[in-house]
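Work out the full structure, taking the sequences as your base and the hints as a guide.
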Amino acid sequence: MPARVSEALVLRTYPLKEADLVVSFLTRDQGMLRGVAKRARRPKNPFGAGLERLSHVRMAYFQRETRELVNLDSCELIRSQFGLVSDYWAGVALDYFAEVSEQLLPAAEPNERFFRLLLAVLDDLQPTSKVWRAVTYFSLWALRLSGWMPEMGSAPKLSSESRAIALEMLRTPVAQLSKTDWDQGTAADLRRYLVRQIESHIERRLVTAPLFEQVSS
Amino acid sequence: MPDFAEPLARLIDALKRLPGIGQKSAQRIAFHVLRAGREDAEHLAQALLDVKDKLGLCRLCNNISDSDLCLYCRDSNRDPKVVCVVEEPTNIVGIETTRQYEGRYHVLHGALSPLRGIGPESLKIKGLVERIGQGEIQEVIVATNPTVEGEATAVYLARLLKPLGVKVSRIGMGVPVGSDLEFADEVTISKAMEGRREM
Ligand SMILES: [Zn+2]
Chain A
1 MPARVSEALV LRTYPLKEAD LVVSFLTRDQ GMLRGVAKRA RRPKNPFGAG
51 LERLSHVRMA YFQRETRELV NLDSCELIRS QFGLVSDYWA GVALDYFAEV
101 SEQLLPAAEP NERFFRLLLA VLDDLQPTSK VWRAVTYFSL WALRLSGWMP
151 EMGSAPKLSS ESRAIALEML RTPVAQLSKT DWDQGTAADL RRYLVRQIES
201 HIERRLVTAP LFEQVSS
Chain B
1 MPDFAEPLAR LIDALKRLPG IGQKSAQRIA FHVLRAGRED AEHLAQALLD
51 VKDKLGLCRL CNNISDSDLC LYCRDSNRDP KVVCVVEEPT NIVGIETTRQ
101 YEGRYHVLHG ALSPLRGIGP ESLKIKGLVE RIGQGEIQEV IVATNPTVEG
151 EATAVYLARL LKPLGVKVSR IGMGVPVGSD LEFADEVTIS KAMEGRREM
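As given, the protein sequences belong to chains A and B, one line each in that order.
Under my numbering, residues 1 to 217 are what the first sequence spells out, in order.
Under my numbering, residues 1 to 199 are what the second sequence spells out, in order.
If you're looking for bench data, these hints aren't it; they were derived computationally from the structure.
Ideal Cβ placement from N, Cα and C applies to all residues, glycine included.
Some hints here could point you the wrong way.
[Unchecked claim] Under the rule of at most 27 angstroms between Cα atoms (straight-line distance), these lysine-lysine pairs were calculated in the BS3-like manner:
(1) B:LYS126 - A:LYS38
(2) A:LYS44 - B:LYS126
(3) B:LYS126 - B:LYS81
(4) B:LYS52 - A:LYS17
(5) B:LYS126 - B:LYS167
(6) B:LYS167 - B:LYS54
(7) B:LYS191 - B:LYS162
(8) A:LYS17 - B:LYS81
(9) B:LYS54 - B:LYS16
(10) B:LYS24 - B:LYS81
(11) B:LYS162 - B:LYS81
(12) A:LYS17 - B:LYS24
(13) B:LYS167 - A:LYS38
(14) B:LYS16 - A:LYS17
(15) A:LYS157 - A:LYS179
(16) B:LYS52 - A:LYS38
(17) B:LYS124 - B:LYS167
(18) B:LYS54 - B:LYS162
(19) B:LYS167 - B:LYS191
[What the hints assert, rightly or not] Chain B stretches covered by chain A per the calculated footprint, using a threshold of three residues with CB under 8 angstroms from any CB of chain A:
(20) 110-121
(21) 150-157
(22) 173-181
Right, here's the structure in full:
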C-alpha cells in the first residue's frame with residue numbers, strides 16, 4: 001500500500017536513466033514535491049497521461065524522511081490538459097504556469113491557496129480565448145501568494161486600464177472579472193511588470209515568458 | 001564504497017555515467033575489461049571513438065550516418081513519396097523493427113517545448129520544408145511521441161506542411177497491446193477512440 005495519496009498538479013518532468021522520469025508536482029496538502037516515476041516512459045506504466053504538465057491527479061507515493069525524492073507509485077487522472085495542445089498560446093501558458101510555480105514555491109511547504117490559484121486559472125483557460133487574462137491573473141496572484149505583493153501604486157508607467165485591471169484582480173476571482181474580451185495587447189505592460197517582479201525574486205530569467213512577446217500568427 | 005586504484009576508479013566512474021549502469025554493474029564491467037586482453041580493450045576504446053569521430057548526420061533526413069546520406073536515404077527500394085517524421089534517431093529503430101514501413105524518414109532532433117526553451121527554430125524543420133518543396137514527397141507521417149510536446153509538434157507541423165500540398169497524417173495513439181481497457185485513463189481512451197478504424 002502506498003504511504004500517501006495526494007491531490008496534485010504535475011508541474012514538469014525530467015528524463016532519468018533509460019525509462020524513468022523525475023516528476024515535480026504540487027500537492028494540495030504537502031506543497032511541492034519531487035519524485036521518481038519508475039518505467040514511466042514505457043508504454044505500459046501505471047501513470048498513463050497523468051504525468052503530462054499540469055495534469056490534475058490523485059498521486060500515490062511513498063515518502064521516506066531521509067530521502068529528498070519520493071517514490072511515485074501510480075496516479076489517477078482527475079483532469080488532463082491534453083486537449084489544449086492544439087492551441088499554441090494555451091500551451092505556452094501551461095508551460096509558463098509550470099515554470100513559475102516550480103521556481104517560486106519552496107519544496108515541501110504546503111500552500112493550498114497557490115494550489116487553488118492554479119486550479120482556477122486552468123479552469124479559466126477553457127475556452128482558450130481567455131489565455132491572456134489567465135496568464136495575467138496567475139502572475140499577479142503567484143507573486144502575492146509567495147509573499148511578494150507587487151506595489152501597484154509604485155509600479156512605473158502602467159496604463160490606467162492595466163492599473164484598474166490589477167486592482168480588480170486583487171479582489172475578484174478570475175472567472176468573475178468584468179473584462180472578458182482579452183487579446184495579446186490587453187494589460188501587456190502589467191504582464192511585463194509582473195514577469196520582471198517574478199524574475200527579480202527568483203533571481204533568474206524565465207524561459208517561457210519571452211514567448212508572450214512573440215507576434216501572434 | 002571500496003577504494004580502487006585510480007585508473008580502475010576512473011573507469012568505474014565513467015561507466016556509471018552510462019544509462020542503466022549502477023555501481024555494481026560498473027565494477028563488474030571494469031573488472032571484466034581489466035581481465036580481458038589488451039586487444040579487446042583497444043577494440044572497445046576504438047569503437048567508442050569511432051562513434052564520435054566517424055558518425056555525422058544525414059544530409060537529407062538528419063538520421064545518424066557514417067556517410068553523406070544515411071542507409072534509408074541511399075536505399076532506392078524505399079518509397080521517396082512517403083516521409084515519416086520522428087523526434088530522435090532512436091525512434092527509427094522502433095519503426096524499422098516492425099518491417100511494415102517502406103518510406104523514408106526525417107529526424108527533428110527534439111520536440112517543441114517552451115518550458116525547455118525549444119522553439120521551432122531549434123528543430124530540424126527547415127530541411128523538411130525544403131525536401132517537400134522539391135515535389136517528390138506526397139505524404140508526411142508524423143510519428144512524434146504521444147506526449148504534450150510530441151502532440152504540439154505534430155499540430156505545428158500539420159499547420160506548416162498542409163498548405164504545401166502534402167497529405168499529413170499522425171500515427172495512432174491509444175491503448176497499448178496486451179493491456180486492459182479498465183486501467184487506461186481518459187486521455188488514452190479518447191485518443192484510441194479518435195484513431196479508431198473501420199473493420
Ligand atoms: Zn537520411
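Quick rundown of the hints versus the structure:
no.: 1; hint: B:LYS126 - A:LYS38; in the structure: violated (36 angstroms)
no.: 2; hint: A:LYS44 - B:LYS126; in the structure: violated (34 angstroms)
no.: 3; hint: B:LYS126 - B:LYS81; in the structure: holds (18 angstroms)
no.: 4; hint: B:LYS52 - A:LYS17; in the structure: holds (21 angstroms)
no.: 5; hint: B:LYS126 - B:LYS167; in the structure: holds (18 angstroms)
no.: 6; hint: B:LYS167 - B:LYS54; in the structure: violated (36 angstroms)
no.: 7; hint: B:LYS191 - B:LYS162; in the structure: holds (22 angstroms)
no.: 8; hint: A:LYS17 - B:LYS81; in the structure: violated (37 angstroms)
no.: 9; hint: B:LYS54 - B:LYS16; in the structure: holds (25 angstroms)
no.: 10; hint: B:LYS24 - B:LYS81; in the structure: violated (49 angstroms)
no.: 11; hint: B:LYS162 - B:LYS81; in the structure: holds (15 angstroms)
no.: 12; hint: A:LYS17 - B:LYS24; in the structure: holds (16 angstroms)
no.: 13; hint: B:LYS167 - A:LYS38; in the structure: violated (38 angstroms)
no.: 14; hint: B:LYS16 - A:LYS17; in the structure: holds (11 angstroms)
no.: 15; hint: A:LYS157 - A:LYS179; in the structure: holds (21 angstroms)
no.: 16; hint: B:LYS52 - A:LYS38; in the structure: violated (30 angstroms)
no.: 17; hint: B:LYS124 - B:LYS167; in the structure: holds (20 angstroms)
no.: 18; hint: B:LYS54 - B:LYS162; in the structure: violated (37 angstroms)
no.: 19; hint: B:LYS167 - B:LYS191; in the structure: holds (20 angstroms)
no.: 20; hint: 110-121; in the structure: holds (count 6)
no.: 21; hint: 150-157; in the structure: holds (count 4)
no.: 22; hint: 173-181; in the structure: holds (count 3)
The structure fails hints 1, 2, 6, 8, 10, 13, 16, 18 (numbered hints given earlier, in ascending order).
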